[in-house]
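J.: Listed here are the chains, written in short residue letters.
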Amino acid sequence: MTALLPEELTCRQVVEVITDYLERRMSLKDRTRFEQHVVTCVGCTSYLRQMKQAIALAGAAKDPVDAKAQDELLRLFRGWKEKK
Amino acid sequence: MDDRELVDALRAGDESAFLALVRAHHGSMLRVASMFVPSAAVAEEVVQETWLAVLKGLDGFEGRAPLKSWIFRVLANRARSRAQKEGRSSPFSEFEADDEPAVDGARFLPDDHDRWPGHWSAPPPQWAEERLLTQEMLQIAGVAIDALPPQQRQVIVLRDVEGQSSDDVCEALGVSEGNQRVLLHRARSKVRAVLERHFEEPRR
Amino acid sequence: MIAFKWLQRGAVGPFSGFRWPRAQWVTADAREGYGIHACRVDDLPFWISDELWRVELDEVVAQREAQVEARRGRLVEQVQAWDAAAFAQACAAHAAEIAGEASPYVADARRRASQGFAGPASYISAVAAVAASGDPRRYAEERRWQARWLARELKLDQAGALTA
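Protein chains in written order, with this note's numbering: chain A, 4 to 87; chain B, 580 to 783; chain C, 140 to 303.
Please keep in mind that the hints were generated in silico from the structure rather than gathered at the bench. Note that the Cβ used here is the ideal one computed from N, Cα and C, for glycine as well. A portion of the hints provided could be inaccurate.
Straight-line distance between alpha carbons at most 25 angstroms, and here's what the computed DSS-like set of lysine-lysine pairs gives [stated by the list, open to error]: (1) Lys-664/B x Lys-635/B; (2) Lys-647/B x Lys-65/A; (3) Lys-647/B x Lys-71/A.
Computed spacing ranges between beta-carbons, pair by pair [stated by the list, open to error]: (4) Ala-70/A x Ser-253/C: 29 to 35 angstroms; (5) Gly-255/C x Ser-595/B: 48 to 54 angstroms; (6) Glu-675/B x Lys-294/C: 39 to 45 angstroms; (7) Asp-691/B x Pro-67/A: 29 to 35 angstroms; (8) Ala-59/A x Asp-725/B: 17 to 23 angstroms; (9) Glu-198/C x Asp-691/B: 45 to 51 angstroms; (10) Ala-676/B x Ser-253/C: 44 to 50 angstroms; (11) Lys-84/A x Glu-624/B: 17 to 23 angstroms; (12) Arg-583/B x Lys-84/A: 18 to 24 angstroms; (13) Pro-67/A x Glu-709/B: 21 to 27 angstroms; (14) Arg-283/C x Gln-714/B: 18 to 24 angstroms; (15) Pro-67/A x Glu-675/B: 27 to 33 angstroms.
With the rest of the complex left out, here is chain A (with noise of 0.2 angstroms):
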C-alpha cells in the first residue's frame, strides 16, 4: 500500500501473489485490483513482463520425445492394430 492509500496491493505483495493471478486463481475484487496496480507501477509491469517471458522461455525447454522411444511405441501400435 502507498502510506496513504491502505486498500491497495504493494510491489511485495504483487511479486508472491503473481501465480494466483497467472493461474486465474483471484476473486475479480482481487484480480482487478493487481491489475490497477500493475498498471501503475513501472517495476511491477517489468516483473509481470518477466515471469511470463521465464514461463514462455521453459515452454521451449519441452525435449523431443526420444527417437528409440518412438520407434518402440509405432512398434506397440502396429502390434495392437493387428490383433484388433
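Once you've looked at the hints, dock chains B and C against the given chain A.
T.: For chains B and C alone, coordinates are given in the frame of chain A:
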C-alpha cells in the same frame, strides 16, 4: 484435431495421429512415472503399459473427459500400483519446506518509507526480446529448472515445460491445487531470479 | 454500447496478450470476469496504455466500479489524438497546482512523466492530491479531473472527429 477426430483416427490405425499424441505426452508420462517407481527402466515399462492400455481402452472411451486427462489418469493409477508393489511411498506425501520469498526483501522500500512502503526501490529492467529466445538462455533456464528442489522441479516441468494442465498434474501427482500452485510459484520465482542474474551480467 | 479500450502497441490486450483484429467482432470467454473489458469515460485514467480505441460492445454483462464487461466487442477506430506525454505532464502539472512544486509526490509524478510512463504518472498525481489534503476521497476526485481532461482534449464525445 479435436478429441473426437483423434480417437477416430487412432481407432482407424492412423500412425501419424498416434505419433503426434506420443510426442505431446510421452515426456510428461515418463516424468510422472519416474517419480513413483525406482528406476528409469521400470518407469519406461509403466509408460509402455499405459500406452497399450489406452489403445485397448479406445473403444470404450466416451469423451466425457479430455483424452489427455484420461491418459494421465491411467498412467497415474499404474504408476501408483507399481510403486505400492515395490513398497515405495509417494514423493509428494510430504510437502517440501521453503520459506524463501519470491524476491529478496532488500529490493523493496521499507515499511516506514514516507511515500512508497513496500514498492520496488528500483524497477526491474526490461529484458530485450532478442536476447531472450536464444540457445544460451534456453540452457540457462534448463539449468535453473534442474537445480530446483525435487517437488518444485516436477511441477514446473509438467506445467510449464510440458504444458500439462493444472487439473491433470494435480491428479497425476496426487496433490491439491493449492499445494501445486505454491510449488509452481516457488519454482517460477527462482527461475525468473536466475534469468535476471544472467541478464545483469555484462555480455562477454 | 460504445466504449473505449486501452491496448498495447499493435492493438494487443495488455493482460491477455490477445491481438485484436480490426473491425471484426470478437467473442470472449464465457467465464465471469474474463469477457471483454472496456472503459466508460470515467474509467479511462485507471487503465492507461499505448493505444486508445473506440470500441463497440454487445451483450454487456456487467458495469463495474472501474470497467464494463461484455461478451462481444469490436474495435471501431483508434483515437489518434491520444498523447501520453501531454496527458502525463498535464496530470503532474495539476498535482503541482494542488500540492505545490515542493511536494515529493509531484517530483515523482514529473519524473515518471518525463520517462514516458503515463499510467504511473497519473496515478502518482492522484496520490499527490491525497497527500496534500490528507483526504483519501481526493484520489477519486483527481482521477475524475483526469478523465474530464481526456474527454475534452481527445474530443471523445464526437464520433468521427477522432481521426482528425
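J.: If a hint holds in the structure, say so; if it doesn't, say that too.
T.: So, going through the hints one by one against the coordinates:
Straight-line distance between C-alpha atoms of Lys-664/B and Lys-635/B comes to about 24 angstroms, which keeps the hinted pair within the 25 angstroms bound. Note on Lys-647/B and Lys-65/A: the hinted pairing holds, with a Cα-Cα distance of about 18 angstroms set against a maximum of 25 angstroms. Between the alpha carbons of Lys-647/B and Lys-71/A the distance comes to roughly 22 angstroms, so the proposed pair stays at or under 25 angstroms and holds. With their beta carbons about 57 angstroms apart, Ala-70/A and Ser-253/C fall outside the hinted range of 29 to 35 angstroms.
The hinted window of 48 to 54 angstroms between Gly-255/C and Ser-595/B holds, with their beta carbons roughly 50 angstroms apart. For the pair Glu-675/B and Lys-294/C, the beta carbons lie near 58 angstroms from each other, so the given range of 39 to 45 angstroms is not met. The given range of 29 to 35 angstroms is broken by Asp-691/B and Pro-67/A, whose C-beta atoms sit roughly 53 angstroms from each other. In this structure the supplied range 17 to 23 angstroms holds for Ala-59/A paired with Asp-725/B, their Cβ-Cβ distance being about 18 angstroms.
Our hint of 45 to 51 angstroms for Glu-198/C and Asp-691/B holds, since their Cβ atoms are close to 49 angstroms apart. For Ala-676/B and Ser-253/C, the hinted distance range of 44 to 50 angstroms is satisfied, since their beta carbons lie about 46 angstroms from each other. A hinted range of 17 to 23 angstroms for the beta carbons of Lys-84/A and Glu-624/B is consistent with their spacing of about 21 angstroms. Between Arg-583/B and Lys-84/A the beta carbon distance is about 20 angstroms. The supplied range of 18 to 24 angstroms therefore holds.
One distance hint, 21 to 27 angstroms for the beta-carbon pair Pro-67/A and Glu-709/B, holds here, with the actual separation near 25 angstroms. Taking 18 to 24 angstroms as the suggested C-beta distance range, the pair Arg-283/C and Gln-714/B does not conform, at roughly 52 angstroms. In this structure the hint that Pro-67/A and Glu-675/B lie 27 to 33 angstroms apart at CB holds, the actual value being about 30 angstroms.
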